[in-house]
Each structure stands twice: as C-alpha cells, then as structure tokens.
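Protein chains: 2
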Amino acid sequence: MEDKHMLMIPGPTPVPEKVLLAMAKHPIGHRSSDFSKIIAEINDGLKWLHQTKNEVLSLNVSGTGAMEASIINFVSPGDRVLVGVNGKFGDRWAQICEVFGLNTTRITAEWGQPLDTEEFRTHLEGDTNKEIKAVIITHSETSTGVLNDLETINKYIKDHGTALSIVDAVTSLGAYNIPIDDLDLDVVASGSQKGYMIPPGLGFICVSDRAWQAYETCKFPRFYMDLGKYKKANLKASTPFTPPVNLMYGLQTALQMMQRESLEGIFARHLRLTKATRAAVQALGLKLFAADDCASTAVTAIEPSPLSAEDIRKIMSSKYNIALAGGQDHLKGKIFRIGHLGFVSDRDVLTGIACLESTLTELGHKVQPQTGVKAAAAVMV
Amino acid sequence: MEDKHMLMIPGPTPVPEKVLLAMAKHPIGHRSSDFSKIIAEINDGLKWLHQTKNEVLSLNVSGTGAMEASIINFVSPGDRVLVGVNGKFGDRWAQICEVFGLNTTRITAEWGQPLDTEEFRTHLEGDTNKEIKAVIITHSETSTGVLNDLETINKYIKDHGTALSIVDAVTSLGAYNIPIDDLDLDVVASGSQKGYMIPPGLGFICVSDRAWQAYETCKFPRFYMDLGKYKKANLKASTPFTPPVNLMYGLQTALQMMQRESLEGIFARHLRLTKATRAAVQALGLKLFAADDCASTAVTAIEPSPLSAEDIRKIMSSKYNIALAGGQDHLKGKIFRIGHLGFVSDRDVLTGIACLESTLTELGHKVQPQTGVKAAAAVMV
Numbered sequence: 038m039e040d041k042h043m044l045m046i047p048g049p050t051p052v053p054e055k056v057l058l059a060m061a062k063h064p065i066g067h068r069s070s071d072f073s074k075i076i077a078e079i080n081d082g083l084k085w086l087h088q089t090k091n092e093v094l095s096l097n098v099s100g101t102g103a104m105e106a107s108i109i110n111f112v113s114p115g116d117r118v119l120v121g122v123n124g125k126f127g128d129r130w131a132q133i134c135e136v137f138g139l140n141t142t143r144i145t146a147e148w149g150q151p152l153d154t155e156e157f158r159t160h161l162e163g164d165t166n167k168e169i170k171a172v173i174i175t176h177s178e179t180s181t182g183v184l185n186d187l188e189t190i191n192k193y194i195k196d197h198g199t200a201l202s203i204v205d206a207v208t209s210l211g212a213y214n215i216p217i218d219d220l221d222l223d224v225v226a227s228g229s230q231k232g233y234m235i236p237p238g239l240g241f242i243c244v245s246d247r248a249w250q251a252y253e254t255c256k257f258p259r260f261y262m263d264l265g266k267y268k269k270a271n272l273k274a275s276t277p278f279t280p281p282v283n284l285m286y287g288l289q290t291a292l293q294m295m296q297r298e299s300l301e302g303i304f305a306r307h308l309r310l311t312k313a314t315r316a317a318v319q320a321l322g323l324k325l326f327a328a329d330d331c332a333s334t335a336v337t338a339i340e341p342s343p344l345s346a347e348d349i350r351k352i353m354s355s356k357y358n359i360a361l362a363g364g365q366d367h368l369k370g371k372i373f374r375i376g377h378l379g380f381v382s383d384r385d386v387l388t389g390i391a392c393l394e395s396t397l398t399e400l401g402h403k404v405q406p407q408t409g410v411k412a413a414a415a416v417m418v
Numbered sequence: 038m039e040d041k042h043m044l045m046i047p048g049p050t051p052v053p054e055k056v057l058l059a060m061a062k063h064p065i066g067h068r069s070s071d072f073s074k075i076i077a078e079i080n081d082g083l084k085w086l087h088q089t090k091n092e093v094l095s096l097n098v099s100g101t102g103a104m105e106a107s108i109i110n111f112v113s114p115g116d117r118v119l120v121g122v123n124g125k126f127g128d129r130w131a132q133i134c135e136v137f138g139l140n141t142t143r144i145t146a147e148w149g150q151p152l153d154t155e156e157f158r159t160h161l162e163g164d165t166n167k168e169i170k171a172v173i174i175t176h177s178e179t180s181t182g183v184l185n186d187l188e189t190i191n192k193y194i195k196d197h198g199t200a201l202s203i204v205d206a207v208t209s210l211g212a213y214n215i216p217i218d219d220l221d222l223d224v225v226a227s228g229s230q231k232g233y234m235i236p237p238g239l240g241f242i243c244v245s246d247r248a249w250q251a252y253e254t255c256k257f258p259r260f261y262m263d264l265g266k267y268k269k270a271n272l273k274a275s276t277p278f279t280p281p282v283n284l285m286y287g288l289q290t291a292l293q294m295m296q297r298e299s300l301e302g303i304f305a306r307h308l309r310l311t312k313a314t315r316a317a318v319q320a321l322g323l324k325l326f327a328a329d330d331c332a333s334t335a336v337t338a339i340e341p342s343p344l345s346a347e348d349i350r351k352i353m354s355s356k357y358n359i360a361l362a363g364g365q366d367h368l369k370g371k372i373f374r375i376g377h378l379g380f381v382s383d384r385d386v387l388t389g390i391a392c393l394e395s396t397l398t399e400l401g402h403k404v405q406p407q408t409g410v411k412a413a414a415a416v417m418v
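Here the protein sequences line up with chains Y and G, keeping their order. To convert, take the position in the first sequence, counting from 1, and add 37; that gives the numbering used here. To convert, take the position in the second sequence, counting from 1, and add 37; that gives the numbering used here.
Any given hint could turn out to be false.
Copies of the same chain are indistinguishable here, so a pair counts whether it falls within one copy or spans any two.
[To be verified] For lysine-lysine, the following DSS-like pairs were computed, each having C-alpha atoms within a straight-line distance of at most 27 Å:
| id | residue 1 | residue 2 |
| --- | --- | --- |
| 1 | K411 | K55 |
| 2 | K41 | K256 |
| 3 | K273 | K125 |
| 4 | K411 | K195 |
| 5 | K167 | K411 |
| 6 | K268 | K411 |
| 7 | K324 | K167 |
| 8 | K403 | K84 |
| 9 | K371 | K273 |
| 10 | K403 | K62 |
| 11 | K125 | K371 |
| 12 | K268 | K324 |
| 13 | K269 | K356 |
| 14 | K192 | K62 |
| 15 | K41 | K55 |
| 16 | K411 | K266 |
| 17 | K62 | K41 |
| 18 | K192 | K266 |
| 19 | K266 | K256 |
| 20 | K192 | K125 |
| 21 | K74 | K84 |
| 22 | K269 | K41 |
| 23 | K256 | K195 |
| 24 | K351 | K256 |
| 25 | K351 | K84 |
| 26 | K90 | K266 |
| 27 | K90 | K369 |
To be clear, the hints were calculated from the coordinates, so they are not data collected in a lab. From a predicted model like this one, the values you see are computed outputs, not experimental measurements.
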C-alpha cells in the first residue's frame, strides 16, 4: 500500500502536517523585514526550548556540521580535549577532534554501557596544569540508546574550572530535560530532524558566555562555520548567509506546537513512551541493550538474539510499513532500534509494539497474544 | 492583500507549486533503498544539468558553504591563488581565501565592470614557477549583474597547465550555458535557491579528475566539508551525513521539470528574459549598470539616478507586492536589481516591467505609458 510509511527511527523523525504545509509555502526574501520577524520568533522559541538566555545559533548544516562547528570555534590546534566515546557518535566527535589536530583523549565504554563518570573526574582532577580545554559528551548516544550522565560529568568540568563542556544533544534536546543555564553548559549542539519535529537540514548550537570568551582566542580558520558571524547576525534577527527559508517556516510552526505542549508535557511524553517501549520489549522476552538507569528517552535499542535484528526489521518494513533502525558498525545485525522522539504519540508506540509482536510471532518467537501491547498500555494509564 | 508576494530577486527565486508540494511529503529514512533511488535519480539529473561526466556533490550548506568547500579541498595553506573581484561575491571568495591563509592575489575591477581577462593572462603567463594553484572566478556576479568572461580566463588557466579553475556558478548554473566538460572546468560551485528552482539549503560542487588529484595532497583539515566523503557516498547513491530529505524531494521534482524544458529551452528563456528586461529598462530611460556584452542572464542591475533605488523598491513592494533586490555595500541605495532566473516566465517579466513603469510614473519620472512593456514584449515575439 502506497504512502502508508511510518517512521520509528531516531531521525528523520515524523513531521506534523502543519509543519509540512508550512514548508510548502512560497519562500520570501531572507533579507526582508517579514523574514526578520520570523527569525526573531524562532530565536525566542529556541531560547525557550534550550532553557537559556544564551544565543542559540541556527546553521544550514546537518548534525555533523553542528558538531564540527562546536569544536573549531572554541579550541585551537594542539589543545587537549577529553571525548566520551561509547557509540558511533562519540566516535565521530573523536574523529573530528583528531582530524583537526587536537590532542584527543578518548574516554571509552563498551557500546551499550554508559560512560564512567569517575574516569572524567580522574582526568580532570589530575589536570593541575589546566591543559584540558574541552570535554565532549554525547548526551543521548543514538547508536545504542544510552543516556550518559551529563549532569555528573559537567559537575567535574565545573570543578576543573577551565575546560568547556561541549555537549552533543542531537537526540536529547526536546526529548529530555536539559536546563542549559541551570546546568551551566557551554556549547550544546543539536539537529532539526530529531526532537524539533522538522526534516533534516538545520543544526543548532547554544553558546555560553564562557565559550564566547574561548572563541576570542580560537585559532582555527573558519568562515562558513564562524559562529561569531552567526551571533552578530542573530542579535539583529538576521543570518550571516542565506538560511534554508522553507525549513525555517517549518521550525517556526514546530516551535509554536512545542510551546503549546509545554516543556513539561514534552519531557513527560518522551519518558512515558520510553518506559512503555521498554516495558513492552521486556514483556515480549527481548533484551534491552541499555540498562534502565541510562535509557535514552529518544531511542530504545533491542538485542533480539537468537532472532536476527535484520529479519525483524525486514518484516516490520515489508508487512507493516514501519521503518526501524538497525545497528551501526559492529552492532549491524545484532540490534535494532525503535525511535520514539519528536512527533510521536502513545498511539504510535502501541502501534509499533503491536506490529513488533506480530512480527516476532511470524518469526517463531513464542509470545502470548497482546503481551507487549498490554505492558506498554499499562505504562500509559 | 495577503499571499500575493512575488519574488524578483536573485535568490531565493520563485519555486514551482510541484516542488513546494514535493517538499511537503513526509520524510523517509535517508538510509532506505527508496531514498537511495531518489539520490541516484538526482545525481543523474545534476550531471545532465552540469553537462558533465564528473560527480556532482550535494552538500547541506548555503552557497557560501559550497564556496568554502571548493577551496579547502583543493589547495593548501600558503598556496598562491588568483581571485577575480568585481563585486560582493568575488570579494567573499577572496575573504575566504585570506581567512584560510592562502597567498591571495585579488584581480579587481570596478563593481559593474567585467574582470579584465588580460590581467589573468599576464599573471598566469608570468608564473613560470607554477606557484599559482588555483584561479577563482565568479561567473555571474550577483551583486552587479555582470557576467565575467569565464571561457577566456579558463583558456589562460589551461595554458598555465597547473592552476585549477574554481568557478562560482551560483547564479549562472541553470541560467546560462556552462558546458563544464567541454570547457574543462575543475571545480564548479552553485546553490539551490537560484537556477535550480528550489528553496535555499543545498550547495552543489562539480569536481574534475584533475581537481580530485589536487584533493589527494590538500592539507586543510576538514570533516563535514570533506568532499572525498561525498564522492565516495555519491558513487553508492548515498550521502556521508544526513541530507535535507525534503529539499532533496524538491530537487528531484525540479530536475524533472528542467529536463522536460531542456537545457536549450532553459538557456534561451533566460537570454530572452534578460534581453527583454534590459530593453524595457532602457526604453524607460533608466541606466543599465552592466554593459550588454557582459550582462548576466540571472539578474539585471539598474542605476536609476536621480531617482532613489530604495524609493523604487519601496513602492514596488508596498503597492505591487514585488520584491526587488537593492544594492549591496557601497551600491546600497544607488542600484536596484531585478532577478529573472529560475522559475520565471515571460509573463513574470512583463508584470514586473508594467509595475516598474507605474512606480516610475508615481515618482515623477516622465515615461510614455506602456513604453517598457512594449519594449520587453518586442523581444518576446
């Protein structure tokens, strides 16, 4: 059946009809006063979503572009940085740091395990010469569904006093409570096709005053990703370069919808969907890849062994038109991932679980009818 | 009156309804086989549009991002480059080169005048040590409506034998015949919100084999803009990072429309609209900012002195809901610019000229009724 596709991957996430229709409006000039009003409204909305007084900068890049910009504006070649690596995206951060010639220390954990906050403490406390200029933490590791303990690691960074906290919030912003100013985070990067409920194409970076001070002495050459240019333009409700006008229409609409739902509502919904998904997966006798105390509210990874993760994905796709994500790199075939962030409702999760249940039955996995749906529904009461 | 806006600026340009509706479709997973088919079709279409066998890479960036990527992948810090500068975008290229520490020689001309090809010849012939690694030419200088003589300058580059030609075709690609392989151009950059008839958000770079050889020894660090990653992905009908899925839907549709019109049809239309606009402007007693033999087919700049360019733009906007572009930098207030590239028809130009005529009359400029429309229509017969 055509056009019955349902996205349950951790990005791109489903997009509300209101947002799709907003994006289908004719573009207007990006230097017009009408567009300036849209930028001003978006900037206010982004500050609300980030719970910050800092400027939130919108770049015409993917999440990876936002990651690179978060590095090359705040440290300098040869600087020492700590990078938490317990999944594909932590690894990507480390790769970026290495490509740009930073003295990169990887603090690793097995994929599926959270980062050990004590390792960060040890490194930071041992750095009496204050050589560590930044600590990079992937908050929600999309590849494994692990939520790292940002708050504790950030406390050690603040105790250090010099290092900046650079946070990958790509799949946690808008899915988990990150009170940026209260936590005193320095650089927080995210992307549009996740909690924002709009298609890919925009990256966002929230920058603290402390980070702007570091910017002043940063020695990397940069032009398109020079965040100083974006800040200057932001303050005039403008952009340094041509913005993706139609995506900005979508963002404006999505932020309005999010404000109507409220931050509390959004976070409670993501937590409820996560708990429901996890309860259902366990009731169905499958293994959760991440433990309860480090479960991402954006995506749940499942290790279905002895069943094949790819067999499950294939039937979910061919029979029920539901796209699930597979494992990445060495986890390919071993896990599958259910995205439940952004424009996802209780109904969507029940739907996904019902179809998963039927898929498992088809694959010969012994399941009592309605076990998963019942467990998920119990969380939603 | 609401929603009666008409864009006559050189970007964003008007977007066809088919493209807008394509962008309003639900996103699908960018790693799905269905999306891979879309990428494959787009890649073929881009090669057709660029008249090339080279890979054409699509980046999630604005035109400026494509400019930067065209530099940092093919030369190295300290390399000598020649940059043609006769307007805001030539100046931006030089700025990028300078920020990245290139030994930058600006070959300048007054804004509104074309670059002197002989100056390029002299520099290139004098470079017997082959120190010049690249020559950067803004083909259609959007800020002034001047089309630089790419073919002649490129001939001198080929005579030099070492330097790469790096071409800004942002407002000429899809508006003027640039047979990339026949001309043997090395790096050609463009942006989506121009001749492509889609909103801003995508940058394109066409890369020759010779440029890929230079890429191998390029010493700039880069990750998000590492074009090698894009080439490798392109060959598998994929992308290295999450692409702007909905803009890609729009691009797919726009390329289909362009193929139905044919390259000959597209170029002939742009030439006709340019001639019609210029004939009308002259008939209305206003001064064309660029001469006939170097007129861009994307945008026409007009010097309305003693009338104020801003007064004209204001009435065109408030009374007729037509957005015209103003002058940039020192030309602000001195010129205005009419965009006629992309999804622009004969009817649109007649409309714009009719409204300009009425605006001039309102400002006390003596015009015989229908002078401009008549002159434009005569070109369209």
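Violating hint indices (sorted, rising): 1, 2, 4, 5, 6, 7, 8, 10, 12, 13, 14, 16, 18, 22, 24, 25, 27
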